[in-house]
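Under the working numbering, the residue at position 6 of the sequence shown is numbered 6, and the numbers go up by one with no gaps.
Do not take every clue at face value.
What the hints assert, rightly or not - No farther apart than 30 angstroms at their CA atoms in a straight line, the calculated lysine-lysine pairs in the DSS-like style are these: (1) 79 <-> 93; (2) 91 <-> 79; (3) 85 <-> 59; (4) 75 <-> 93; (5) 34 <-> 59.
No wet-lab data here; the hints were simulated from the structure.
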Amino acid sequence: MKHYRWILPLIAIVGIGVALFWIIPAEEALEDNKPYIAIEELKRENSTLLEHNGVLEEKVTLLIQRTDSLSELIKSDEKYIEHLKAQRYEKVKDIDSYTDDELYWYFTNFTTQATAHPR
């Protein structure tokens, strides 16, 4: 057993040497590569954000087109409402000048032809 006492310290020295010359430099190299890895990840995220931005821009253009068409519909509806108001005002103005008998005939849809006798 006396001859094998030197094997344990030799294994310890070899283990420490391997750790110092092989494992630790590899970890340091990994630490040095972290900024490059982060840059690559940021580039990938940037490209996905650009794609997402393109999709959102298309949606915005569609929404702008819809807004324009709805604005046109609102304008045409406002013109129609103004036309209806003008017609109502004209009818009210005409009715205002009617006599009592004419008002009665207007609201009952009474005409002289309706009272005519059939021949």
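Violated constraints from the hint list, given by number and in increasing order: Hints 3, 5 are the ones this structure does not satisfy, whereas the remaining hints hold.
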